[in-house]
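Chemist: If you want the building blocks of each chain, they are given just below.
Protein chains: 2
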Amino acid sequence: MYSAVSRVRCTAGRAILSQFTRGCATVQEPSGPAMKTECPGPKTKQLTKEMDPIHNAQSIQFFVDYDKSQGNYIVDVDGNVMLDIYTQISSVPLGYNHPEMLKVFKNDHNLKSLVNRPALGILPGSDWPAKLQSTLMSVAPKGLNMVTTMMCGSCSNENAYKAICMWYQKNRKGRVDFTPEEMESCMKNVPPGSPDLSLLSFQGGFHGRTFGALTTTHSKYVHKIDVPSFDWPFASFPVYKYPLEENVAYNQAQDKKCLAEVEDLIEKYAKKGKPVAGVVVEPIQSEGGDNEASPEFFQELQRIAKRHNAALLIDEVQTGGGPTGKFWCHEHFNLDSPPDVVTFSKKMQLGGYYHNLDMRPAQGYRIFNTWMGDPGKLLLLEAVLNVVKRENLLDRVNKSGAKLKSGLLAAEKEFPAILNSTRGRGTFLAINCKDTKTRDNIVHRLRQKGIQSGGCGDLAIRFRPALIFDEKHADIFLDRFRQVLKEL
Amino acid sequence: MYSAVSRVRCTAGRAILSQFTRGCATVQEPSGPAMKTECPGPKTKQLTKEMDPIHNAQSIQFFVDYDKSQGNYIVDVDGNVMLDIYTQISSVPLGYNHPEMLKVFKNDHNLKSLVNRPALGILPGSDWPAKLQSTLMSVAPKGLNMVTTMMCGSCSNENAYKAICMWYQKNRKGRVDFTPEEMESCMKNVPPGSPDLSLLSFQGGFHGRTFGALTTTHSKYVHKIDVPSFDWPFASFPVYKYPLEENVAYNQAQDKKCLAEVEDLIEKYAKKGKPVAGVVVEPIQSEGGDNEASPEFFQELQRIAKRHNAALLIDEVQTGGGPTGKFWCHEHFNLDSPPDVVTFSKKMQLGGYYHNLDMRPAQGYRIFNTWMGDPGKLLLLEAVLNVVKRENLLDRVNKSGAKLKSGLLAAEKEFPAILNSTRGRGTFLAINCKDTKTRDNIVHRLRQKGIQSGGCGDLAIRFRPALIFDEKHADIFLDRFRQVLKEL
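Which chain is which? The protein sequence lines are A and B, in order. Heads up: the first sequence begins at 2 in my numbering, then just goes up one per residue. Heads up: the second sequence begins at 2 in my numbering, then just goes up one per residue.
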């Protein structure tokens with residue numbers, strides 16, 4: 002009935018989840034989904050009613066019993082056990098209650114690092130440099146030698162945009178000091194101190210929801226409506242036809258058209274007096290519909306940015322940390338040189354961005370805030386990375402991803418009127434449904450059969466399992482998926 | 002040699018800090034500062050050198066031994082023991098290694114709540130509603146019945162600004178649904194979907210460093226230079242003369258002048274097509290120099306905002322959580338009605354904002370992000386609030402604050418050429434120095450004598466001790482302060 006999914010030794014969580022454990026040599030989890038009620042069930046409905054008067058409960062899917070959730074399985078308050086292929090919007094790397102994660106704060110020093118939260122920019126703990134080295138720098142994208150820590154994806158992008166603007170102005174002015182006029186005018190929000198720079202983004206892109214990040218987000222109106230925005234340019238992003246091998250010419254034309262738009266917009270905004278300081282792009286547009294672009298697209302995009310003295314920021318908030326089968330998705334692209342900035346969050350437990358010395362402001366306190374990250378989260382990341390490395394989880398992602406993808410392609414063939422455009426890398430996969438209503442219906446029905454999944458864009462179901470997702474979990478999903486499709 | 006500062010029973014931290022402990026009935030800490038080296042000392046210098054190649058180390062004050070820091074005392078890696086009246090930019094409510102904080106994650110359920118981090122907007126844990134009620138709602142500003150959780154001060158303000166814009170548009174349009182034109186235009190960052198609204202802020206104000214928050218920040222050029230900004234209005238903030246009782250007419254004229262500016266700017270920006278959706282203000286400008294304004298100023302400001310259908314946001318990120326002697330500083334102001342939004346972070350462990358139902362968007366997913374806060378931080382807040390309530394720490398703040406303030410006033414009298422303008426509430430106090438160089442020199446010399454303090458604005462030393470700061474700590478500070486002043 003219960004089986005092992007990982008070779009990590011189990012040292013915690015035994016008491017509460019005893020019904021799931023068989024021994025102590027492995028991470029344990031249920032052998033499959035088990036539904037007791039519809040979902041949302043009566044207890045979720047009751048809790049939603051309790052929460053709504055004090056905190057917005059409009060978007061609640063269900064309330065979770067995190068004590069009972071285990072591995073790839075999320076357990077709701079009504080006792081429903083679901084295979085989780087959505088993992089808290091792609092932010093859970095090792096599943097629930099991983100013994101190595103539960104161990105972190107049993108260590109007294111780690112507990113004190115968590116509880117005594119420092120202002121990291123001025124008063125870091127004694128082991129902060131060594132911990133940065135052994136965690137974030139141990140997985141730094143090739144060619145990027147520095148990191149700036151933050152707390153979430155939005156603030157990582159916001160601060161990276163600022164760093165890019167500072168870098169652009171340094172290059173443009175050929176100096177790092179400030180004139181009295183710059184110092185005075187910036188306090189009034191006007192040039193030259195607050196220059197009219199812009200960041201170029203893409204239709205369908207998502208980079209967060211704070212004012213700067215939101216200006217570069219173009220995935221859904223519900224994110225943006227009623228919020229003031231900067232006048233910054235955005236270009237079309239390739240819209241590919243699938244299967245890729247049958248649509249080569251069409252898709253290449255998509256790349257070409259979008260890249261031409263990028264160059265046009267950079268020139269147009271330069272003339273308009275709002276030069277493009279940086280180009281920001283996701284390696285796979287993850288909220289906007291899992292829209293891919295080819296390695297060649299990204300290579301050429303980088304060349305265009307370089308030609309126009311703009312930085313290239315690759316936003317790996319959702320793609321980073323392994324789900325595409327490489328630690329960073331842009332490693333698939335064989336770029337001429339490293340991107341200027343790579344932002345991260347989610348599976349990385351805390352936010353931040355990688356860069357080089359050139360992207361670091363010459364003066365202190367320019368990229369700064371009270372907390373500048375969180376040592377407690379870095380310690381959790383340490384546990385995550387140890388397991389990822391020791392267990393070669395990227396191999397597992399590639400294997401289970403291959404199995405899942407071939408199953409999705411088979412489903413496409415069996416249900417051609419409903420499904421199309423299977424795509425993605427590793428387990429970071431998506432499949433389109435014929436329309437939004439059908440997609441939403443499938444996600445709902447999957448949940449009733451014990452699969453917690455999610456959509457993105459208008460048509461896609463996106464796959465965002467944990468890195469411990471295995472081939473057998475792919476089988477379980479595909480079986481339930483087929484049941485749902487047959488019932489439609 | 003060592004003494005008790007709190008009546009909490011000690012249940013943790015004994016082994017590592019045995020040299021500081023005398024028994025186990027109380028929180029223990031050193032009896033006073035003890036310096037072994039200059040600060041920054043040789044070990045800090047070495048660690049700074051190690052960190053600089055991988056993470057910006059320009060603003061490092063010193064590296065901290067958080068295992069050894071205790072209560073009001075911070076211990077650096079060179080073994081220097083300093084009385085901390087700056088507390089990580091005002092973000093440490095109960096000092097270091099408080100036994101109640103160390104206990105939180107010894108509880109297995111709490112540990113799992115920390116490690117299994119949910120996407121709170123869609124999949125909260127079973128006890129999230131009850132925990133919100135017993136923590137954040139138990140200290141909600143009077144008249145505000147809802148809370149939206151976030152992670153830090155900047156994102157709390159950014160999201161509150163968005164909520165205000167949505168609220169303003171709802172009132173302006175008299176409807177909550179969207180037109181096709183609005184849905185389409187917002188995706189292009191243009192009106193009517195992305196309307197040209199503005200937030201009015203104040204000179205000297207600080208509300209964070211992300212693009213929206215930064216537009217409303219006007220405290221120091223180093224925060225703002227090279228970063229693009231919205232065209233949003235900002236008014237002068239009163240600049241008072243001290244002592245207040247000798248400058249009543251002058252200070253009232255300051256209020257009047259600034260309030261007239263506010264009203265003029267609201268009218269000007271309405272005509273300009275960028276109506277002011279909200280007015281954002283700190284109850285004490287905490288980064289910009291601890292600039293106060295009178296209760297009457299805030300009362301009238303609220304009336305002006307109401308007259309112009311603008312929301313009033315009070316930013317309590319630095320003032321909130323007790324340091325002014327009331328839980329929220331604006332409780333000192335006797336406003337006609339509750340502010341529309343109160344933002345918080347720092348001492349509250351996580352960010353967020355209080356509001357009422359009217360300020361909640363009609364649709365879900367409009368104020369949303371992946372994490373929407375952090376249950377692990379809410380559990381720490383629970384411990385903080387339990388101690389604050391049980392030990393009446395607001396009383397302690399008022400007593401030790403009164404002692405500290407009278408000592409500062411005495412120092413002003415003794416050193417009139419150096420010091421002036423003692424001000425503030427509770428322990429949230431400040432004193433001005435004759436010039437920036439003298440202020441920085443005093444902060445530096447205090448550190449060499451075992452006092453960790455900080456400046457704000459151009460001239461002020463700001464006092465931001467923990468809520469467990471006691472009268473005897475005020476004595477220790479005042480003694481060292483006098484030594485420094487005599488040496489100048």
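Wrong hints could be hidden among the right ones.
Which copy is meant is left open, because identical chains are indistinguishable; a pair holds if it fits in one copy or across any two.
What the hints assert, rightly or not - With a straight-line cut-off of 30 Å between C-alpha atoms, the simulated DSBU-like cross-links for lysine-lysine are: (1) K406 - K438; (2) K44 - K257; (3) K132 - K107; (4) K171 - K46; (5) K404 - K104; (6) K46 - K257; (7) K46 - K143; (8) K258 - K404; (9) K189 - K258; (10) K406 - K189; (11) K487 - K242; (12) K273 - K438; (13) K257 - K269.
Rather than coming from a laboratory, the hints here were simulated on the basis of the structure.
Chemist: Looking at the structure, which of the earlier hints fail to hold?
Modeler: 2, 5, 6, 8, 10, 12
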